[in-house]
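Residue numbers (our numbering), protein chains in the order written: chain U, 1 to 282; chain A, 1 to 176.
Honestly, the hints are just simulated from the structure, not real lab data. Treat the hints with care, since some could be wrong.
What the hints assert, rightly or not - The calculated BS3-like cross-link candidates involving lysine-lysine, where the alpha carbons are at most 25 Å apart (straight line), are:
1) U:61 - U:88
2) U:33 - A:37
3) U:184 - A:128
4) U:184 - U:103
5) U:8 - U:78
6) A:105 - U:8
7) U:8 - A:75
8) U:8 - A:128
9) A:128 - U:33
What the hints assert, rightly or not - Under 10 Å between C-beta atoms, here's a sample of chain A residues computed to sit facing chain U:
10) 80
11) 86
12) 144
To be verified - Pairwise CB distance ranges (calculated):
13) A:29 - U:244: 19 to 25 Å
14) U:218 - A:62: 49 to 55 Å
15) U:270 - A:171: 32 to 38 Å
16) U:153 - A:88: 51 to 57 Å
17) U:133 - A:162: 55 to 61 Å
18) U:244 - A:167: 33 to 39 Å
19) A:57 - U:194: 24 to 30 Å
Predicted, not measured: the structure shown is a model, and the values here were computed from it. The beta carbon of each residue, even a glycine, is placed where N, CA and C say it ideally should be.
One letter stands for each residue in the lines below.
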Amino acid sequence: MLKSFAAKATVPPAIAVTGFVVVCCILLYSVIKTDMLNDAIQHETNLADTIVKSARYAMLKDDRETLRNIIDNIGQQKGVEHTRIFNKKGVIMFSAHPEDVNKLVDKKAAGCIACHAGTVPLTSMGRMEQARRFINEEGHSVIAITVPIYNEPDCFNAACHVHSPSQKVLGTLDIGLSEEPLQKTLGTLRGRMIVFCLMVLVLTVGGVSALLLRNVLLPIKELANYVNAINRGDLNRKAPAYRDEIGELARSYEELATRLKATQDELKQQRAAEGDGADSRV
Amino acid sequence: MKRTQPPPSHEVPAGTPPDRDSVRQETIRRIKQLRHKSNRGLWAMALFIAVSIVALGDFSILPSLPPSVRAILGKAPSAIMISGALVLYTFSAIILVLARMMGGKEEYSGFAHVGYLTAFYGFYHFAKALNENYWAVFVAGITILGLESYHIWNFCNEAIRREQEILDAIERFRKS
């Protein structure tokens, strides 16, 4: 079947077009996914900065009750998986999950290791490095952002004198948002691209195959049947009527068949005449 | 002592047709060679699938490169650059195979493509983007190697058919 004329004409372009379109769609989806993920991380980082700025006054006034309320309210928002503030030693001081308060976090944990990998912890990081993706205990996909809370002149000049001027980072805000809306959007995008891909393949491969079948393969098959009939001795058969190159080929075969028939008739007449002549001599 | 003279050389006079048996043997040998050649595509495909299985786990079964070697290699290219190169490579490879099919050339470069595709897996691995782009490289490989396999299989089958006609002609002459 793969050796037939139809296969040779349709299989290579079908494989080429299908493969190339699928490769391009996969790469396009991958690029869009990366861009959407980067946008989500950018949005989360801005949100984290907003939270730190919103909590600034409460921290400055050492108003822990207000700060606790801010963290609780943020934690109750739909899509927020966790919100917590660590102090410099890694102890969770405020959290939307009360059971996490006063727990010590390992510096080697994800979200902490990026700054604490070396002997001297980093005090600033790029936006993308601040983000991490994981699946939490509830089985939800989470994008988490860790932003430092920097020491400012208003902090180390405050009446409580808690922080010294040499301390660059006072603590860290860690916020985790559910990836579900992003995954849902990506799922919809994936579905649409698959549908588009299928439509393109049906049009190109199906369309080209259908036109090839109608305009080339079927006429060639008809021509092949006609020539086989001539070969079997049916010289009176009419050639298929086409106006293109196949039609020319068919007419040439018809002429050959007509000449062959004429030659055969001449030979018959000659033999018949010779036979009569021999009879009359006898 | 009588000197033994070497036997007279068997000179073939000009215009003598070649020995039919030797032509027949030569044709059978060529048909065997063509049959072996037509399976090359499958071997390349199998090799590519083996490499893809290793790449599926992000090359976790292979030992990771020491930091000194990584430092020498430098920073990996960005994933988007590698993807652009992959699209160009796939496009040009497909065009080249189709051109060879159209020209009826025997040239086969399936194993070279396995090498190039392995390099793409490697580049994505170093750029830490293999999980997102694995299937793109896999589909590109299946497409290019599938076309190469079909081309060489088709070419060899046509060549075998022509050689078979020679054998049939020899048989007909023998019988007559």
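Hints versus structure:
no., hint, result
1, U:61 - U:88, "holds (18 Å)"
2, U:33 - A:37, "violated (43 Å)"
3, U:184 - A:128, "holds (24 Å)"
4, U:184 - U:103, "violated (34 Å)"
5, U:8 - U:78, "violated (58 Å)"
6, A:105 - U:8, "holds (15 Å)"
7, U:8 - A:75, "violated (45 Å)"
8, U:8 - A:128, "violated (40 Å)"
9, A:128 - U:33, "holds (15 Å)"
10, 80, "holds (6 Å)"
11, 86, "holds (7 Å)"
12, 144, "holds (7 Å)"
13, A:29 - U:244: 19 to 25 Å, "violated (43 Å)"
14, U:218 - A:62: 49 to 55 Å, "holds (53 Å)"
15, U:270 - A:171: 32 to 38 Å, "holds (35 Å)"
16, U:153 - A:88: 51 to 57 Å, "holds (55 Å)"
17, U:133 - A:162: 55 to 61 Å, "holds (60 Å)"
18, U:244 - A:167: 33 to 39 Å, "holds (37 Å)"
19, A:57 - U:194: 24 to 30 Å, "holds (26 Å)"
Hint compliance for this structure: hints 2, 4, 5, 7, 8, 13 are not met, and every other hint is.
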